[in-house]
Amino acid sequence: MSTLTDPTRPAFTRPRAGYGPHGARVNREEALMRDVRPVGVWLGLACTVAVLVGGCGKGEGNAGGGGGSSTQGGTLKVGAALSLTGSLAKEGRLTKLGYQFCQDKVNGGDGVQAGDKTYKLAITYKDDKSEPDTAAQLVDQFNDSGNKLILGPYGSPSTEAASAVIERNGQVMVDSSGADNAIFDKGYRNTFAVLSPATSYLAAIVDAISENANPKPKTVAIISADDGFSKTAAKGGADEAKKQGMQVVAMEEVPEHTTNVSSALTKIRPKKPDLVLVSAHVEEGIAAVKQSKELGVNPKGFGETVAPPTPDFAKALGKNAEGVVGSTQWTADSKGQDKVFGTAKEYAEGFKQRFGETAEYHSAEAAAACLALVMGVEKAGSTDPAKVRDAIAGLDTESFFGPIKFDDTGKNADKPMSAIQIQNGEPVTIYPSDQAQAKLQWPAG
Amino acid sequence: MTQFLQATVNGLLQGGLLALVAVGFSLVWGVMNIVNLAHGAFVLIGSYIAWKLQTGADIAPLLGMVVAAAALFAGGYVIQRYLINLVINAPIWMTLLLTFGLSLVLVNGLVLLFTGDFRSIHTSYGSDSLAIGDIRIPYGRLIAFVLAVGFTLALVWFMDRTRLGLAIKATGMDRGAARLMGVTVRRVYGLTFAIAAGLAGAAGAIYGTVDTFSPANAGIFTLQSFVIAVLGGLGNMWGALAGGLLLGVVQAWSGQYLGGTLINAVAFAVLVTVLVIRPAGLLGKPYYEARVEV
Chain L
1 MSTLTDPTRP
11 AFTRPRAGYG
21 PHGARVNREE
31 ALMRDVRPVG
41 VWLGLACTVA
51 VLVGGCGKGE
61 GNAGGGGGSS
71 TQGGTLKVGA
81 ALSLTGSLAK
91 EGRLTKLGYQ
101 FCQDKVNGGD
111 GVQAGDKTYK
121 LAITYKDDKS
131 EPDTAAQLVD
141 QFNDSGNKLI
151 LGPYGSPSTE
161 AASAVIERNG
171 QVMVDSSGAD
181 NAIFDKGYRN
191 TFAVLSPATS
201 YLAAIVDAIS
211 ENANPKPKTV
221 AIISADDGFS
231 KTAAKGGADE
241 AKKQGMQVVA
251 MEEVPEHTTN
261 VSSALTKIRP
271 KKPDLVLVSA
281 HVEEGIAAVK
291 QSKELGVNPK
301 GFGETVAPPT
311 PDFAKALGKN
321 AEGVVGSTQW
331 TADSKGQDKV
341 FGTAKEYAEG
351 FKQRFGETAE
361 YHSAEAAAAC
371 LALVMGVEKA
381 GSTDPAKVRD
391 AIAGLDTESF
401 FGPIKFDDTG
411 KNADKPMSAI
421 QIQNGEPVTI
431 YPSDQAQAKL
441 QWPAG
Chain Y
1 MTQFLQATVN
11 GLLQGGLLAL
21 VAVGFSLVWG
31 VMNIVNLAHG
41 AFVLIGSYIA
51 WKLQTGADIA
61 PLLGMVVAAA
71 ALFAGGYVIQ
81 RYLINLVINA
91 PIWMTLLLTF
101 GLSLVLVNGL
111 VLLFTGDFRS
121 IHTSYGSDSL
131 AIGDIRIPYG
141 RLIAFVLAVG
151 FTLALVWFMD
161 RTRLGLAIKA
171 TGMDRGAARL
181 MGVTVRRVYG
191 LTFAIAAGLA
201 GAAGAIYGTV
211 DTFSPANAGI
221 FTLQSFVIAV
231 LGGLGNMWGA
241 LAGGLLLGVV
251 QAWSGQYLGG
261 TLINAVAFAV
271 LVTVLVIRPA
281 GLLGKPYYEA
291 RVEV
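Chains as they are written, first to last, in our numbering: chain L, 1 to 445; chain Y, 1 to 294.
So here's chain Y without its partners, still in its complex pose (with noise of 0.2 Å):
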């Protein structure tokens, strides 16, 4: 039972984490019809920025974190606005190849920058953990978990309670309903990336003070988090939680109860079973599959 337990704890601990990976990979996906295979890419430079930040400067991670977000944030804002925009209206497979093309620039650019070694953000907390009878609660885990979905609730708040929230959401669903309302949809496509950007950012931040990376994590976060996105339902803020939790807990039970080499096939095979019985995703809504887009 304690081991049971331990693994949920760890399962959950990692979703939290995975699911901020993922969420704004599923906004831009579901607004823009966008899969921003530069994602994973995004999500590695917050490491880095925050890594370099303490490393260099000895700034706070959570700071250092702030700053990762703020210059992800406008980044996302430029890419959009001067590259993605150029394909916008293209049939997807542009939009694959002009981010993947961004994302081969970016890694190799990482490469270059802080050579393929593994970082890692150390934190005075790093190797502690609360216990709870048996089982233990890593803080920079719990720490990263709590951040990870106090930021993804947030933007649920955002999305659902602010004007620029409802803009993006009607954008999403309709634009050119949308646009006759009066939406600047390329300020809101622009504004959507960036706060996708912005969270990949923080993302790559906590993910930083908990695991270790190199610039090869890029292609391991954007799979993530498509398969979280898709498990999930496209757009949905909560989806991509619900997503995340569950992909970190059934990682965790089937690497306790089936061995290691099968947890990524049993997480597929999860992906799959969710698609047959709810094709819009777990918390879809059937909207993003029939909107229309003039």
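Here chain L stands alone, though its shape is the one from the complex (with noise of 0.2 Å):
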């Protein structure tokens, strides 16, 4: 056994990091070149089984080739930066899958038909580990490789982070998931969301009840997690419930992804609102609906934002997720067809019998993302950046997800949001009234 296994065995002196005079600097030195090889070997072997099960910086492949790249039954790249690892894991994986099943009926399809040469999509992926910075430096090294057409990555922070780049660089991005109004405060020309504004999301709600609640509800609280998005859908919310007649009694705002909201549950009980809305995420979304059973706060029902829509939420939640509503980009059930994906409906039977899984907002709104670029570049019929941004921006056209139709600032403003909620377990649309499958129930729960 190596000195270096055998702790028993006498050693050295280990330095101690800020603790005075032990640990003289030869010791340290000395550690340092009796360690570093096998320590190394060990640390390297464990780095890499890190990077493998990681799975990140999967086969790039792409490398000389780009957006810009064309050549006849050649290949369409396309960049997108993903949180497969990380806080936001779950839905980066779903957006994956979103970008994964356009892929798959682009390419099983006509291709992507750009003037009079035919392309197969290939989209690479790497992952942002959740981080903005990370997921702006991404889109950087794609456009370094020649990738000018990029999806977006996942959420409005790293979202916005990646805009910035996008637009120096003369990239091309559809964004699939940022729906922060302030991405699209900035000027930017390059990058084009699908999806619905932040400013809807709780709006969308408040609506679905102001209009199908009996008794419609006079006092809300709002919890809000203290990032970007929330607090923009927030305030759309209590703009709403103000023009519904209702009084907002509190606005209470928590740390992003905590799991413990209890002090502002504890704050908000006192004022007994009708109804309680939550602008967060899935995980602060699951605490507010436990820690308001724990602690007796007995709303009629509940808002939230993001959270219900996804599967997981009724799965953590059990009983305690009936009846809360909540706000979805797209549903089953949403309007409209385009020429690769069908309906919404024919969407989500293809979805469900590729991936086994039931098919959801997240990975939808990601396919709707990448068929608005297919669009752009068939529409353009070129690959050449510029010439697609131009062919995005002037898109008119319905589509599984709905109207994809972009305003000044990039944003796809007339389509309409959904509320669904969850009645037996399942999420049920219940609004826009043209597309509801159930009645409201209310008192929910």
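What the hints contain is simulated information worked out from the structure, not anything from laboratory work. All values derive from a computational prediction rather than experimental measurement. We put the CB at the ideal spot given by N, CA and C, even for glycine. Among these hints, one or two may not hold up.
Computed list of lysine-lysine pairs in BS3-like fashion (alpha-carbon distance at most 27 Å, straight line) [what the hints assert, rightly or not]:
hint : chain 1 : residue 1 : chain 2 : residue 2
1    : L       : K231      : L       : K216
2    : Y       : K52       : L       : K352
3    : L       : K319      : Y       : K169
4    : Y       : K52       : L       : K293
Label pairs and their in silico Cβ distance ranges [as the list claims (entries may be wrong)]:
hint : chain 1 : residue 1 : chain 2 : residue 2 : range
5    : L       : K335      : Y       : I132      : 30 to 40 Å
6    : Y       : S124      : L       : K439      : 27 to 37 Å
7    : L       : E357      : Y       : N264      : 32 to 42 Å
8    : L       : K271      : Y       : G133      : 43 to 53 Å
9    : L       : A164      : Y       : L223      : 22 to 32 Å
10   : Y       : D58       : L       : E349      : 31 to 41 Å
11   : Y       : L112      : L       : G318      : 36 to 46 Å
12   : L       : E426      : Y       : D134      : 47 to 57 Å
13   : Y       : L112      : L       : G245      : 21 to 31 Å
14   : L       : K319      : Y       : V146      : 18 to 28 Å
Since each chain sits alone in its own frame, please combine them into the complex, following the hints.
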């Protein structure tokens, strides 16, 4: 057994950072000299395994190619930095499924027809570890390797960070999940979002409840995570609630991605609101409902932005999820159709067949973003990023995701949001009324 | 007043759970001088074991907790014996790198196995609470708190009253002297790490019954453990309990009176203040700083 593997053998005085005179420099260096090789081997092995298991940096295989490169029967190379690990790994995975499904459908059909050439769609994924800075760097790397056409990362912070790089590099990005209005207030020309903006998330829930609830709630308390998207959505909800004649009795913030919202609930409880709205992500959303029950906060109903339509919301909460209203960018009942996916129902069936999972909105908005990019290239008749940009800006079409038509800031402003309610453990569409599969249950739960 | 009391109850209940999450981390750091960055991943593995046993085999979470603790105990011993031991004498940054790498492997392994979905372990009493006037004490969190404090007290007893516990403490104080007294340091280190991992597994299982978890929680668990261990004093089990309760209450109060966004800022401000006044932590003893390792 070597010295290193046997702590029982007297070794050297271990240098201890920050604790006075113990551990003279000579000992530290001696330690390094003796330790570095075998330790390095082990560390190298650990890091290699980490990278392999993490699935990071999936084989690029597109070096030298790019959105601009085009040969007959060649590939249309598109880059996507996604949260494959980290705090948004779940949503990142769903987004990736949407992109993959789009690639499969496009390549299984006519391919991408640009002018007289036909391309195969090839999306390259890189893991941004759920960090906005990394997403921006990866988009820059895509540019370095010639990828000018980009599909958005997951979430508003990463999309906002990436959009600045996109603009600088003259790349074109179709954003699938960055809904924060702040992304579109900067005057950028090359970022387009297929989804409805953040302000409509809670507003759609308020409208759904206001239109269908009897008695209509009079008081509303809003809990928001402290990130840009959630705060913008909360403000949109508060404005809509006031417009509908409700009184906003409390607006509380909780740290982003926390699983403990008891402080906000303790403050809300004495105000006995009829409706509690939560503008946050899945984990805060689950915590808000669960801890409300624990702490005796009993409104007539809950409305939450993005959590209820995700499958793990109902699974994690069990019977407590019953009656919670959520807003969603898309349901299988959404109106419209396109040549790649057909109707929303056909999209949902195809998705289930391909992945064995029920289609939900994260993957649908990703597929819609990919569809908009493909339509842009086809309309431009070219893979030149400037031409594709102009073509996307001029799109005015229907799709399985609803209308796709961008305003001057790049938002798909006319697309309606839908609202769902958890009924018997499943999310069912309750709003808008022409798509509703069930009536709002009120009081809920 | 009701709000203050409710916030304090919330903070104490959360603090007890945080203490159990952190106590193993503090033990390993205090005794072995290893900042185990994979500690959060151990906690999560405990959560997933209990969750899988409940959803797959309908095994009650409390029994799942025992299985999780036992599995992590065994796993912890093996990891210490065949991995951590390789760098036990190396400078601290080597152990940081190794445990960081280990954490990456474990967390990404969990993502591969269970995806990044949020999970929760259902209990029959999950949404009920004990009402004392206007104060609500959720049963689930109360049970978690009692178990967490119970485990921490059991560890205190074990460290102070058993031969093995005393050997662990002695090794932490002066490895050379302990060796001269006949302590098999290699075995003590293995068992210390195993106990810490076992407690992390139990903490994870308990945490899963009151909260949601996903692989992304690993980093948060490790960070909280770090803060609590430093706050309470390294290697001192009472310190971990005090640090956990203090952190829980401070977070609850700051959420109540200063707003949610400042919770973490206030928590770290308290940490800095405590360290300025008592550099060894709330209950830390100077000998952990001055010890000699030969």
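* Asked: Is the distance from the Cβ of S124/Y to the Cβ of K439/L consistent with 27 to 37 Å?
  -> At roughly 31 Å between Cβ atoms, K439/L and S124/Y fall inside 27 to 37 Å, so the hint holds.
* Beta-carbon spacing of E357/L to N264/Y - inside the hinted bounds 32 to 42 Å or not -> For N264/Y against E357/L, whose Cβ atoms are near 35 Å apart, the range 32 to 42 Å holds.
* To do: Could you see if the CB distance from L112/Y to G245/L stays within 21 to 31 Å?
  => Given range 21 to 31 Å: violated, Cβ gap about 50 Å.
* Asked: Using the C-beta atoms of K335/L and I132/Y, is the stated range 30 to 40 Å upheld?
  -> Violated, since K335/L and I132/Y (Cβ atoms, about 53 Å apart) do not stay within the stated range.
* Asked: Would the pair K231/L and K216/L pass a check requiring their Cα atoms to be no farther apart than 27 Å?
  -> Cα-Cα ~25 Å, so holds.
* **K319/L versus V146/Y beta-carbon gap, inside 18 to 28 Å or not** => holds (25 Å)
* **Cβ distance range 31 to 41 Å for D58/Y and E349/L, holds or violated** => holds (33 Å)
* With 36 to 46 Å as the target window, see if L112/Y and G318/L comply at their CB atoms. => Because 26 Å falls outside the window, the suggested range is violated.
* Asked: Given the proposed pairing of K52/Y with K293/L, does the C-alpha separation stay at or below 27 Å?
  -> Between K52/Y and K293/L the Cα gap is close to 25 Å, so the pair holds against 27 Å.
* Asked: Taking the beta carbons of K271/L and G133/Y, is their distance inside 43 to 53 Å?
  -> Between K271/L and G133/Y, where Cβ atoms are some 18 Å apart, the hint is violated.
* Asked: For the pair supplied as a hint, K52/Y and K352/L, is the alpha-carbon distance within the 27 Å limit?
  -> Roughly 25 Å separates the two Cα atoms, so the pair holds.
* Taking only the CA atoms, is the gap from K319/L to K169/Y under or equal to 27 Å? -> It is violated: about 47 Å lies between the C-alpha atoms, which goes past 27 Å.
Of the numbered hints stated above, those contradicted by the structure are hints 3, 5, 8, 11, 12, 13, listed in ascending order.
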